[in-house]
Each structure stands twice: as C-alpha cells, then as structure tokens.
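Participant: The primary structure of each chain is shown beneath.
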Amino acid sequence: NAGVTQTPKFQVLKTGQSMTLQCAQDMNHNSMYWYRQDPGMGLRLIYYSASEGTTDKGEVPNGYNVSRLNKREFSLRLESAAPSQTSVYFCASSEARGRATYNSPLHFGNGTRLTVT
Amino acid sequence: AQTVTQSQPEMSVQEAETVTLSCTYDTSESDYYLFWYKQPPSRQMILVIRQEAYKQQNATENRFSVNFQKAAKSFSLKISDSQLGDAAMYFCAYRSVRGSQGNLIFGKGTKLSVKP
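Same order as they appear, the protein sequences are chains A and B.
For the first sequence, our numbering assigns the number 1 to the initial residue and increments by one for each residue that follows.
For the second sequence, our numbering assigns the number 1001 to the initial residue and increments by one for each residue that follows.
Just so you know, these hints were derived from the structure itself, not from any lab.
Only some residues are given here: those of chain A computed to face chain B with a beta carbon under 10 Å:
no., residue
1, N30
2, Y33
3, E95
The following residues of chain A were derived to be distant from chain B, with all beta-carbon distances above 12 Å:
no., residue
4, Y64
5, S75
6, V116
Glycine residues also receive a C-beta, built at the ideal position from the N, C-alpha and C atoms.
When you get a sec, could you build the whole thing from the sequences and use the hints?
Facilitator: What follows is the structure in structure tokens.
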C-alpha cells in the first residue's frame, strides 16, 4: 500500500532555479492537493485538482504552477525559486467528490522539505 | 471565508493523564466536516478523528474523543490516558461541503508534549 508518494524528500535550490515536485497516488482518488507548511502557519493550500484535467488556485498560488498529468499524478513546479518558498510541501489526495464523500479524509504524502538559498 | 483557530500553540501533559486541545472555527455554513490530524516528528500527517456537523453525537476513536459544540463553533480534542507516542503537532481542520474543492482548511496547530 504505497498511498501517496512524493519525490524528492529533500531539496536545496539556489534563488532563481526551477524544479518540479512529483506526486502520485494509487488509491484511484479524484481530488488531489498541494499544501505548504510553514512554522506557526499550519498548512496552506497552494493548488488543487478536483478531477483529471482540472486545476484551481488555492490560498497561496503565487510563484507556483501545477499539472494534473493523469488521475494518478499531480506535480508542482517552481519556475524561479525564491527564499520565501522555503517550506515543507505536502501532496494529498481524497475521494471527496460531492457531498456524499466529504467525510473521507485527505491522505498525505510524507512531504518534501525545500530550502531556497 | 472559513477560518480555523487553535489558541494553544503548545500544551504539555503527564503520561497517563488527560489533555484537551482547543479548536474554534468561523463559518456561516450549517453543514460541514471537522477533522483532527496528528503530525509526529516523522512529518507524516495522520488522521485522528472526524466529525460530521449534522451529527450531534461526539465522535470517539479509542482514547481520542471530541467535544463538538456547533452553536459555539468549537471542536476540542480530548486525549485520555496519554502515551509518549501521542507527542506530536495536532491540527484541527474544516471542510466545506459546498463546491467541488473538498480541501481542508487547517488551524496553525498545537504542539503536544508528553512527560514520562
């Protein structure tokens, strides 16, 4: 049972560099999410995808782009990394698809710790 | 927009004792879901318990229970017989049933320490 798999686990970037965080889930979930976690701030939603082929902005989308490649995969791209993007990034998925399934929880990956110097 | 507030940045409990973590939320909706997640030092996010707003009965999962006060918009987590493995960050989260997002809105977390 892999669940939600994120790669890489750790990454150090220099300001201005780009990178893509990969996420894949094997639970056949429709919805996928990218959150960032900062000390004292909890988890904040960056982007989400309610279904294959659709993506929408969350609370803190600036500086990021996403791609829902297929039902399994949802990637997060930093085009030009900035020190303010130093954070722990979590990918999550959920069966949530309308009122009847909203009691289903989010399943999280183990996170990527990103440092931008 | 909905918000979730955890007013206790840090809490401490003696092993085998009981501790209650506070959570309040702000919403104009009458139907929603509430969750508590645990994040140990491993960074993994683990679901502890969930509550449906239209159910008056408080959810219980083994040593974990909630006190859901809908009118007061309060959703506290009680941990009984605390164990060393309960030491972690605890996040309260809200989910609206409107729209297609299905995302959770998180509080800032409470760091729980368990003393042997």
